[in-house]
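S.K.: All chains should be modelled from the sequences, with the hints used to inform the complete structure.
Using the numbering used here, read the sequence shown as starting at 1 and increasing by one per residue.
Incorrect hints may appear among the rest.
Label pairs and their in silico Cβ distance ranges [as the list claims (entries may be wrong)]:
#1 A60 with R109: 43 to 53 Å
#2 E26 with Q64: 24 to 34 Å
#3 M62 with T138: 39 to 49 Å
#4 N135 with Q64: 45 to 55 Å
#5 N27 with G107: 11 to 21 Å
#6 K70 with G3: 14 to 24 Å
#7 D90 with A60: 53 to 63 Å
#8 K70 with T5: 28 to 38 Å
#9 T5 with L102: 33 to 43 Å
#10 K144 with D98: 39 to 49 Å
By construction, these hints were calculated from the structure, which means they are not laboratory data.
Heads up, the beta-carbon is just placed ideally off N, CA and C, and yes, glycines get one too.
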Amino acid sequence: MGGLTPQAYVFGTELDRESVKARQQENLDTLIRRLEAQSQAQSGSLLANRSSTDAASAAAIMQQQQAQLKSQIERLKSFKSSGRLALELDPRSQSLDDLPALPLEVGDRIMVPTMPGFVSAFGSVNNENVFIYKNGKTVGDIIKSAGLTEDAEPAQAFVLRADGSIVASIDHGSFFGGGFDSLAVMPGDTLVVPAKVDRESRYNTIIRGFKDWTQILSNLGLGVAAFRSMGY
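M.R.: As structure tokens, then:
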């Protein structure tokens with residue numbers, strides 16, 4: 001392994017591994033099959049529980065929901081797991097000695113980026129954008145800059161760290177009042193704020209299959225592009 005340039009951002013080091021990618025992709029394929037089975041079961045259940053008087057109306061609504069759900073599943077099928085292994089580095093990492101002593105595998109890809117000068121926010125925020133990073137900036141500062149929409153679900157917000165790890169609001173107590181909002185962000189971090197989910201909507205079956213969105217991004221090896229593409 002070569003040395004680092006003065007512009008190297010060790011905290012943002014990316015390690016992509018084929019064995020991890022294969023496991024993540026297997027998890028994703030299994031989830032898609034389960035969602036398809038749930039969709040079919042839900043379709044039969046809804047029809048069975050409707051009376052003849054509202055059967056036609058129910059069928060029309062169900063057909064629309066099923067078409068929308070199928071579209072979401074097809075989007076999931078288009079995603080490919082990244083194989084990125086979250087290194088969980090100390091944000092103060094500055095040298096190769098700070099990287100974990102992991103044995104390398106054939107096909108491993110390591111990339112050390114230059115330090116970005118921004119942090120990002122998207123999802124249910126008024127201003128989806130990148131913001132200039134300043135030392136000491138917190139999640140609360142990003143929220144003030146981006147603003148929350150009326151349908152935002154801050155309790156489900158999370159930060160996708162530059163090192164590939166995820167810090168969730170749910171693990172830091174309340175969002176406001178010295179909890180998640182006081183979390184310091186690092187260059188290249190992304191704050192994601194999901195929207196509130198109507199449990200009776202077309203997303204019901206999909207959401208039921210996940211613990212939360214952090215599980216999608218980590219266990220399945222999907223990036224924030226998946227979050228955006230799925231309409232959250």
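S.K.: For every hint, state whether the structure bears it out.
M.R.: Okay, the hints, checked on the actual structure:
Look at A60 against R109: about 49 Å separates their beta carbons, and that is inside 43 to 53 Å. At roughly 32 Å, the beta-carbon separation of E26 and Q64 lies within the given 24 to 34 Å, and the hint holds. Checked against the given bound of 39 to 49 Å, the beta carbons of M62 and T138, roughly 45 Å apart, stay inside it. Look at N135 against Q64: about 50 Å separates their beta carbons, and that is inside 45 to 55 Å.
Separation of N27 from G107 is about 19 Å and conforms to the stated range, judged on CB atoms against 11 to 21 Å. For the hinted restraint 14 to 24 Å between K70 and G3, the CB-CB distance of approximately 51 Å leaves it violated. Between D90 and A60 the C-beta distance comes to about 56 Å, which sits within the given range of 53 to 63 Å. Judged by the Cβ atoms, the range 28 to 38 Å given for K70 and T5 is violated: they are separated by roughly 48 Å.
Judged by the Cβ atoms, the range 33 to 43 Å given for T5 and L102 is violated: they are separated by roughly 22 Å. The hinted window of 39 to 49 Å between K144 and D98 is violated, with their beta carbons roughly 32 Å apart.
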